[in-house]
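Number of protein chains: 2
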Amino acid sequence: MSSTPSGDFYGIGLGPGDPELLTLKALRILDETDVVFVPKAGIKEESMALDIVRPLINGKTIIEKVFPMIKDQDKLKEFWLDAATAIKEELDKGKNVAFLTIGDSLTFSTYVYLLRCLKDMVPEEKIHTIPGITSFNAAASLFNIPLAQQNERIAIIPVPDDVEGLRPTLEDFDTVVLMKVAKRLDKVVALLEEMGLAETSVFASHIGLENAYATSDITTLKGSGKGYMSIIIVKKPAKR
Amino acid sequence: MSSTPSGDFYGIGLGPGDPELLTLKALRILDETDVVFVPKAGIKEESMALDIVRPLINGKTIIEKVFPMIKDQDKLKEFWLDAATAIKEELDKGKNVAFLTIGDSLTFSTYVYLLRCLKDMVPEEKIHTIPGITSFNAAASLFNIPLAQQNERIAIIPVPDDVEGLRPTLEDFDTVVLMKVAKRLDKVVALLEEMGLAETSVFASHIGLENAYATSDITTLKGSGKGYMSIIIVKKPAKR
Numbered sequence: 001m002s003s004t005p006s007g008d009f010y011g012i013g014l015g016p017g018d019p020e021l022l023t024l025k026a027l028r029i030l031d032e033t034d035v036v037f038v039p040k041a042g043i044k045e046e047s048m049a050l051d052i053v054r055p056l057i058n059g060k061t062i063i064e065k066v067f068p069m070i071k072d073q074d075k076l077k078e079f080w081l082d083a084a085t086a087i088k089e090e091l092d093k094g095k096n097v098a099f100l101t102i103g104d105s106l107t108f109s110t111y112v113y114l115l116r117c118l119k120d121m122v123p124e125e126k127i128h129t130i131p132g133i134t135s136f137n138a139a140a141s142l143f144n145i146p147l148a149q150q151n152e153r154i155a156i157i158p159v160p161d162d163v164e165g166l167r168p169t170l171e172d173f174d175t176v177v178l179m180k181v182a183k184r185l186d187k188v189v190a191l192l193e194e195m196g197l198a199e200t201s202v203f204a205s206h207i208g209l210e211n212a213y214a215t216s217d218i219t220t221l222k223g224s225g226k227g228y229m230s231i232i233i234v235k236k237p238a239k240r
Numbered sequence: 001m002s003s004t005p006s007g008d009f010y011g012i013g014l015g016p017g018d019p020e021l022l023t024l025k026a027l028r029i030l031d032e033t034d035v036v037f038v039p040k041a042g043i044k045e046e047s048m049a050l051d052i053v054r055p056l057i058n059g060k061t062i063i064e065k066v067f068p069m070i071k072d073q074d075k076l077k078e079f080w081l082d083a084a085t086a087i088k089e090e091l092d093k094g095k096n097v098a099f100l101t102i103g104d105s106l107t108f109s110t111y112v113y114l115l116r117c118l119k120d121m122v123p124e125e126k127i128h129t130i131p132g133i134t135s136f137n138a139a140a141s142l143f144n145i146p147l148a149q150q151n152e153r154i155a156i157i158p159v160p161d162d163v164e165g166l167r168p169t170l171e172d173f174d175t176v177v178l179m180k181v182a183k184r185l186d187k188v189v190a191l192l193e194e195m196g197l198a199e200t201s202v203f204a205s206h207i208g209l210e211n212a213y214a215t216s217d218i219t220t221l222k223g224s225g226k227g228y229m230s231i232i233i234v235k236k237p238a239k240r
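So the protein sequences, as listed, match chains A and B.
30 is the number that this note's numbering gives to position 30 of the first sequence; each next residue is one higher, with no gaps.
140 is the number that this note's numbering gives to position 140 of the second sequence; each next residue is one higher, with no gaps.
One chain only, chain A, in its complex shape (with noise of 0.2 Å):
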C-alpha cells in the first residue's frame, strides 16, 4: 500500500447531453478535481462525455482512455483494469479523480465494468458515484408524458435481437422503456403497430445533443435508420 494520503474518485454522471443537465454537485466535484478521465469509443474519435464539460475543465489533467465497441468480453476487461490502475496512480499521488458517463452513471453505463475492477484496488469509502439524469427521464419530460402515476409499472429493457422477446413485458407493464434500439427499429416499431401500441409510443434519438431528433409519430420512422442512440417510450393509457 502507498504511504501517500490517497484521494478520492468520482464516477459522474453528466445527464444525457444537455451540458444543463448536469447536477450541482457535478459541477463542485468537476471543480475540486485535479484529473479527469474520459471514455471515448476509438482513438480517433472525439469523447461526447467531454464535449459536455469541455468549457468546466479547463487547466485539469484529462487523461482519454479508449474503451472499444468489441464484444469480447475478456479482451475488454484488460481496458478496464488498465483505466482502474491508472486512476489508482492518481489518486495514490493524493490527486482526487473524475470519470465521466453519459447519463447516470449506473444505469446501462460501462462505468459498471471500471467500478468493478476499482473495487478491487481502491477502500469503497474513496469510491463516490454520482447519479445523473438518465435518457428516459429526460425524454419523458420533453414530451411531457408520466412514465408513471400511481400503482402503475414500469420496465426498462434493452431490444433483444428477436424483437418477439419484447411481447410479454409490453403486454404486462404499464410503462416501456426501449434501450438499444438501433438496427431493430423497424421490428420494434411493426410489433408496436401489431399490438396497438404505435398511438401511445415517444421516440427520442440522441436527446440534448446538436443532432436530437424526437417524434411521437413512430409510423413515421420505418426504413429512416434513425435508430441508433435513440429510445422509445411505450406508454399505456392510464387505467384512470
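None of these hints come from the bench; they were simulated from the model.
Check each hint, because a few of them may be wrong.
A pair holds if it fits inside one copy or across any two, identical chains being indistinguishable in the list.
[Claimed, not checked] Derived lysine-lysine pairs resembling PhoX-like cross-links, with alpha carbons at most 25 Å apart: (1) Lys-119 x Lys-236; (2) Lys-44 x Lys-75; (3) Lys-77 x Lys-236; (4) Lys-71 x Lys-236; (5) Lys-187 x Lys-75; (6) Lys-71 x Lys-44; (7) Lys-236 x Lys-180; (8) Lys-222 x Lys-44; (9) Lys-187 x Lys-119.
Bear in mind that the values here come from a model prediction, so they are computed numbers and not experimental data.
Start from chain A and add chain B according to the hints.
Just chain B, lined up with the frame of chain A:
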C-alpha cells in the same frame, strides 16, 4: 383567451432531497421564475420541496397548494384543477411560473395530475418539464451498485398490498426497484429472504434528507417500521 402574452410554465424535478442534486437547468429556471408553486400534503405541514430550494427562491412569490393524501380521485382532482387555474392566472399576467416536485417530475409524481389539468388550459409549447434525479438513481449511487449493464432488464414497481404479486417480476428481471414499500416492509423482506434475494438487495429511505437511512443488510429491517419513503433495489448477480 386572455390578450396578455402568456408566461411560461416549468414543472421542475428537484431530485431526491439533496439540494446539490438539482440540475443547473432547474437552478437557472428557478432564478428566471416570478412565481413558485409548491405542493404540500397538509395545511400545517412543511413542504419538502420548498425546504430543498428555500435559499434559492428568496424574493419570489411563493404559493403553497395543499394536495391532501386522500384516495378519492374525484375529490383530489378538484385540488389539482384549482392549482392549474391559479397557475393559468399567473401565466396570463405574463409571469413565468415554476411548480416544484421531488425526484423526477414524471416518475411517480403527482405532478402528472397537474399536467393533465394544465394541458386543457395552456398551449403545450408553454409547458416545460425539467427532469430530476430519481430516488432510485440516487440510491444506486449511494451503494455503488449498477442498476443495469449490457442486456439486463430493470423493473420499477410499486409494492402491491399482497406482496406475492411481486414474485413473477422478481423472478423475471435482473434488477427490480421496489417503490412505496411503506407498511409492507416486513412482508417484502420475508419474501426476498424466501426467494434467496435478500443478500443482493439494498434499502434506502429518506434519501438526501437529514433522517436518511441506508443498509445493505435488509434482514435487520424487520419490525423497524422504516418502510416509509423508502425503496429497495433487488439486484441479481450479473450473468458474467
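- [ ] Any hints from earlier that this structure breaks? Give me their numbers in increasing order, please.
- [x] Hints 5, 8 and 9 are the ones this structure does not satisfy, whereas the remaining hints hold.
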